[in-house]
Structure formats: C-alpha cells, structure tokens
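Asks: The primary structure of each chain is shown beneath.
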Amino acid sequence: MRVSVILFPGSNCDHDAEYVYRKLLGQEVQLVWHREHDLRSPDLVVLPGGFAYGDYLRTGALARVSPVMQEIRKFASRGGPVLGICNGFQILCESGLLPGALLQNIGMRFLSQFVHIKIENAGTVFTRGCAQGSVITCPVAHFEGNYFADEQTLERLEGEGRVVFRYCDRDGRVDAADRVLNPNGAAHAIAGIANEFGNVVGLMPHPERAVEDIIGGVGRNSGLPMFAGSLSN
Amino acid sequence: MRMQVLVRLKSGVLDVQGKAVEHALASIGFQDISEVRVGRLVELEVEAGDEAAARQRVIEICEKLLVNSIIENFELRRI
Numbered sequence: 014m015r016v017s018v019i020l021f022p023g024s025n026c027d028h029d030a031e032y033v034y035r036k037l038l039g040q041e042v043q044l045v046w047h048r049e050h051d052l053r054s055p056d057l058v059v060l061p062g063g064f065a066y067g068d069y070l071r072t073g074a075l076a077r078v079s080p081v082m083q084e085i086r087k088f089a090s091r092g093g094p095v096l097g098i099c100n101g102f103q104i105l106c107e108s109g110l111l112p113g114a115l116l117q118n119i120g121m122r123f124l125s126q127f128v129h130i131k132i133e134n135a136g137t138v139f140t141r142g143c144a145q146g147s148v149i150t151c152p153v154a155h156f157e158g159n160y161f162a163d164e165q166t167l168e169r170l171e172g173e174g175r176v177v178f179r180y181c182d183r184d185g186r187v188d189a190a191d192r193v194l195n196p197n198g199a200a201h202a203i204a205g206i207a208n209e210f211g212n213v214v215g216l217m218p219h220p221e222r223a224v225e226d227i228i229g230g231v232g233r234n235s236g237l238p239m240f241a242g243s244l245s246n
Numbered sequence: 020m021r022m023q024v025l026v027r028l029k030s031g032v033l034d035v036q037g038k039a040v041e042h043a044l045a046s047i048g049f050q051d052i053s054e055v056r057v058g059r060l061v062e063l064e065v066e067a068g069d070e071a072a073a074r075q076r077v078i079e080i081c082e083k084l085l086v087n088s089i090i091e092n093f094e095l096r097r098i
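Respectively, the protein sequence lines represent chains A and B. Throughout the first sequence, residue numbering follows the working numbering, covering 14 to 246 in sequence. Throughout the second sequence, residue numbering follows the working numbering, covering 20 to 98 in sequence.
Some clues are possibly wrong.
Only pairs whose alpha carbons sit at most 25 Å apart, straight line, appear in this in silico SDA-like list of lysine to any residue [claimed, not checked]:
#1 B:Lys83 with A:Glu84
#2 B:Lys83 with B:Leu25
#3 B:Lys38 with A:Arg192
Which bits of chain B does chain A cover? Going by a derived footprint, with three or more residues having C-beta under 8 Å, they are [what the hints assert, rightly or not]:
#4 43-57
#5 69-80
#6 87-98
Between beta-carbon pairs, the in silico distance windows are [stated by the list, open to error]:
#7 B:Gly48 with A:Phe123: 40 to 48 Å
#8 B:Ile52 with A:Pro80: 20 to 28 Å
#9 A:Gly185 with B:Ile78: 41 to 49 Å
#10 B:Val55 with A:Ser90: 55 to 63 Å
#11 A:Phe127 with B:Arg96: 31 to 39 Å
#12 A:Val193 with B:Glu66: 28 to 36 Å
In case anyone wonders, no lab produced these hints; they're calculated from the structure. C-beta: ideal position from N, C-alpha, C; glycine also.
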C-alpha cells in the first residue's frame, strides 16, 4: 500500500506517521509537500500533527487553501481514506471535510500529557482494527483541542455514530464534565470524529506516538491496531 | 480602498484568551472588569471601483479564509 503523508511548513509529526507505516507496517510512504498538486496516487493520506503555517490566523486556516488540500478534497470525495491527527484534524475541520471547530482548551493551558480514548465506532477505515469500546492510551499535545459544534451538528454526529473517539478513563468510563477525563473541555468529550462515509477521520490525540512499548505506558492500549487496520481493504 | 475587518468569536463560544486577560487584569487590581472578549482586526487594501464592490470582495474573502463561520462572525468598515 502507498501512503502519502502531507508536509506543511510547521508540520512536526510527519516522521512519526511515516515511521508507523514504513518501519512498523512495511508500507511505501511518501512525503508530499503542501505546494504539490499531485498526491502521487496514494491508497491512504495522513495529515500529520504540528503547527501548519505557524497556526497563523487560526489553526489550520491557511493550510485549507493550500494546493495540496484541493487534491485531498478530490481524493476524499472518491472515498479515499484520510486521517488527520491533531493539527491534521484542525485542518480537516477548517477545510469543511469534517464538521465543527477546535477551540482553545477550556483550562487555558497547552496540554501535553497522556490521555485515554475509547473507540466509539470501530466501523471506520481507521478503527476497524480496534475492538468496539476498547481504549487507546496516547499523548495529546495541543492548545486548541476543545471540540465545538452547534447542538444540531452534535446531535447528528451522535445519531449517525460519527463520534469515533471519546476521552475516558483507563476503563473506558466517559464523563465530559470531568476535567481530568476530558482535559480540553471538548463537547461530549469528543476526541475524534468521522465524515458521513467513514473514510475521513480526525482526532486530537496522537496514536502514532503510542505504538511501541519503548515509550512506556502503551502496553495493550497501543495505537498500532488503528494503523494496521487501515491497511486491509 | 482600505477596508477593516473585525472578526469576533460568536457570543456563547468560549473565549479562553478573553478569560485569561480578565484574570490577569484582576490580578493587577482591576476587579471591576468582566466579560472580556478578544477579537482580531484585519486591515487590507482592495482594488475596487466603489465601496459596494469593495465590501462584496471583502465579504467573499471573509467567507473563504478570514472567518470561520462556525465559531466567528465579522463586521466590515471602510477606513
């Protein structure tokens, strides 16, 4: 399988994504610069974390008008799988490929810590390798991770099973009002969502940084099944 | 033609920056200040025949880039 990892000025998790797909899963990975008009025929696209264009104007705002995003729109509309991690999620929301927006964290702080996230929908391309209701433990590193959408949109996301990941405790218990379990204050404790077809998925946490035991704290809650599951068709 | 765009978070959308400023003000003795909201001011030059055309052009760029209508609204004025 061929994976295109998109590189914006300010991306900083591109090599983490590349590492998972190339080193751990043995796939062909190509880094695609934001000015390119050609995704180079990928089977799957990753928008990595970072601070594209320095987060100027709004996080993800300038990235959304880059040439490569026009190609990603076309790729996604043909059903191509697209994963946005952290800043990649923010870019997908800004681009309108996913609904809602990411506000600044409710606690007014940049969050750099481990979180637990529960797989609420194991039916998407990026969660079909995970068990429904299982928990991934991985880092978050963001200032704007507080998921926001109007009530109507939230209702639709919930009704259509498009809330893919939710912040929770290690046993999968969710409490959106609990600042320990839902540290950025996200609506409905939403950590990640999918588009209506399940081929575009975005999330704030970094499962690509929790794929090997060497970093500690991963164990059975590794993020690896997410990526491994995205390979099969 | 020089135009000014004032971009603000919609009322009801949490403004963390505003809250932080409010707390900082209280810490230096301004406890009488509340409901601080921080916006963004963008000034730009538009090539247009008249003000109506300029406004139309700026509205277009607000919708395309300057403003995220999910969380923000905007006001225009000529300067």
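Asks: So which hints don't hold here, by number, going up?
Replies: 4, 5, 7, 8, 10, 11, 12
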